[in-house]
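**Q** For chain P, the structure is supplied; the task is to place chain D on it using the hints.
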Amino acid sequence: MCLSIPGKVIEISKNRYIIKYPNEKRVVNLSIIDDLEIGDYVIVSNKIIITKIPEKDAKKFFELVGG
Amino acid sequence: MPEKKGQILPELYFFKYAFPCAFVILQRGNLSQEEYNNLNKKFLEGKSPSREILEKSFPVAFTRIKRLAEKMNKDMWDFEVIRRYWNKEHNRIINNGEGMYGKAPESFKDLCRINMAEVVERKGNMLIVGHDRKERIVFDVLVPDAKVGDKVKIHYAYAVEKVG
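Residue numbers (my numbering), protein chains in the order written: chain P, 1 to 67; chain D, 1 to 164.
One or more hints might be untrue.
With a straight-line Cα cutoff of 30 Å, these simulated DSS-like cross-link-like pairs (lysine-lysine) come out [stated by the list, open to error]: (1) P:Lys47 with D:Lys47; (2) D:Lys71 with D:Lys56; (3) D:Lys123 with P:Lys47; (4) D:Lys56 with P:Lys47; (5) D:Lys123 with D:Lys74.
Hints in this document: simulated from the structure, not taken from any laboratory.
The shape of chain P in the complex, shown without the other chains (with noise of 0.2 Å):
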């Protein structure tokens, strides 16, 4: 199964990242999406933001797995 958990931008400094997921948060330092603002959900593999997902999948993806 290799759906993964989302998270979501809720700080961004240069080149610094804080994802929140629903148990803890997160710093990324390396992101190869250019266009992101606060509120994005993304996915993190790696330590790397590797793409955004749309809130409305986002939000579904937790009420399918909880959290």
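**A** Frame of chain P, contents of chain D only:
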């Protein structure tokens, strides 16, 4: 096991497609950070862990591979079984909505699928690829010689192999 000319070993073929999902298994707490780091090190070296480690790290995939191998009447480590798993079975499971895939949003399922894509631009060690009229950015670590116009298979944020 001797390597056939032009064909990689089944362990490495499996691992190239499976590794992009390892972070999900880490997220879910089914791999420790140390286990993940060891997999990541092997991945970046272009090497495969042992069969034992692969089976322990990706148990869901191997449950399905065993089932497929029985249908094909072959050993689960037969190269054709592993190849068919990643080229057909894996997407079939997602498209059929087995398990959590049944209710998962499309954008999540699309990241999980093995998609055929075309390289449209290279940006350093990243490739911009197009598939199904969409664009995606992927790492070139497994296909460092990929160039614009090449067809590649993608899984999550990785171009896994060139095709054709």
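**Q** In ascending order, which of the hints set out earlier in this document are inconsistent with the structure?
**A** 5
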